[in-house]
Amino acid sequence: MQQLFNKVVIWSEVKGISTAPSTKQILKCWEEYGETCKAIGLNELDEIKDGIGDVAVTLIVLARQQNIHHDLNEMYETLSQTMQLQQERYYLKCIAEKLVKINDQVIMGKQVNQTDICKALLYLNALAQTYDSSLEECLTLAYNVIVLRSGRMVN
13 MQQLFNKVVI WSEVKGISTA PSTKQILKCW EEYGETCKAI GLNELDEIKD GIGDVAVTLI
73 VLARQQNIHH DLNEMYETLS QTMQLQQERY YLKCIAEKLV KINDQVIMGK QVNQTDICKA
133 LLYLNALAQT YDSSLEECLT LAYNVIVLRS GRMVN
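For any residue, its number in my numbering is found by taking its place in the sequence shown, counting from 1, and adding 12.
Be aware that a few hints might be false.
Computed list of lysine to aspartate or glutamate pairs in EDC-like fashion (alpha-carbon distance at most 20 angstroms, straight line) [claimed, not checked]: (1) K19 with E100; (2) K50 with E100; (3) K40 with D62; (4) K40 with E25; (5) K122 with E109; (6) K40 with D116; (7) K113 with E43; (8) K36 with E25; (9) K36 with E56; (10) K50 with D62; (11) K40 with E89; (12) K105 with D116; (13) K50 with D128; (14) K105 with D83; (15) K19 with E89; (16) K105 with E25; (17) K19 with E149; (18) K36 with D128.
Just so you know, these hints were derived from the structure itself, not from any lab.
Let the hints inform the model, and build the full structure from the sequences given.
In structure tokens, the structure reads:
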């Protein structure tokens with residue numbers, strides 16, 4: 013996962029997204045979360061996986077913007093050892109709760125808590141597992157799409 017996290021960080025730097033305002037990035041997180049929920053409602057497996065990966069990308073980019081991306085993988089791996097499997101709705105609720113918390117930190121101009129991003133990523137992984145997938149698979153799918161985009165972020 014570390015290599016994949018690093019690829020997303022480098023992509024965000026090349027595209028100029030890593031220096032964009034975090035307020036824009038948290039909106040993108042919410043947009044991707046909404047698309048994931050819609051895909052779940054329509055039971056569109058490919059779109060669910062894409063959505064989970066897209067939410068993960070937005071969170072990793074946010075971590076880079078906040079300069080808290082360095083130990084993200086290590087914390088993710090440590091916290092993943094304590095996760096217990098639940099139902100899909102539970103993970104959607106937990107992801108939303110973490111996004112609200114992260115959103116509040118961004119809007120208030122505070123440093124985003126790295127643990128909140130890691131836990132959101134863990135809940136995304138658990139959600140992916142309910143669809144016989146993993147965060148790594150979903151993030152790989154999303155990365156393979158975004159890396160082909162030719163645009164750059166311009167403020």
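Here is what the structure says about each hint:
1. Taken as a hint, the K19 and E100 pair is broken in the structure, with Cα atoms around 28 angstroms apart against an allowance of 20 angstroms.
2. For the hint linking K50 to E100, the alpha-carbon distance of about 14 angstroms falls within 20 angstroms, and the restraint holds.
3. The suggested pairing of K40 with D62 holds, with an alpha-carbon distance near 14 angstroms, which does not exceed 20 angstroms.
4. Proximity of K40 to E25 is assessed by CA-CA distance (about 17 angstroms); at most 20 angstroms being required, the pair is judged to hold.
5. Restraint check for K122 and E109: the C-alpha separation of about 17 angstroms stays at or below 20 angstroms, so the hint holds.
6. Note on K40 and D116: the hinted pairing holds, with a Cα-Cα distance of about 15 angstroms set against a maximum of 20 angstroms.
7. A hinted pair counts as satisfied when its Cα atoms are at most 20 angstroms apart, and K113 with E43 qualifies at roughly 16 angstroms.
8. Of the supplied pair hints, the one linking K36 and E25 holds, its CA atoms being roughly 15 angstroms apart against a limit of 20 angstroms.
9. A distance of roughly 27 angstroms separates the Cα atoms of K36 and E56; the hinted pair therefore is violated under the 20 angstroms criterion.
10. Between K50 and D62, the direct Cα distance comes to roughly 12 angstroms. Compliance with the 20 angstroms bound is thereby established for this hinted pair.
11. At most 20 angstroms may separate the alpha-carbon atoms for a hinted pair to count; K40 and E89 exceed this at roughly 25 angstroms.
12. Our distance criterion of 20 angstroms between C-alpha atoms is met by K105 and D116, whose separation comes to about 17 angstroms.
13. For the proposed pair K50 and D128, the alpha carbon gap of about 23 angstroms is over 20 angstroms, so the pair is violated.
14. Note on K105 and D83: the hinted pairing is violated, with a Cα-Cα distance of about 25 angstroms set against a maximum of 20 angstroms.
15. For the proposed pair K19 and E89, the alpha carbon gap of about 17 angstroms is at most 20 angstroms, so the pair holds.
16. For a cut-off of 20 angstroms, the pair hint linking K105 to E25 is broken: about 31 angstroms separates their Cα positions.
17. A hinted pair counts as satisfied when its Cα atoms are at most 20 angstroms apart, and K19 with E149 qualifies at roughly 14 angstroms.
18. As the CA atoms of K36 and D128 are separated by approximately 18 angstroms, the hinted pair is consistent with the 20 angstroms bound.
Violated hints for the displayed structure, listed by number in ascending order: 1, 9, 11, 13, 14, 16.
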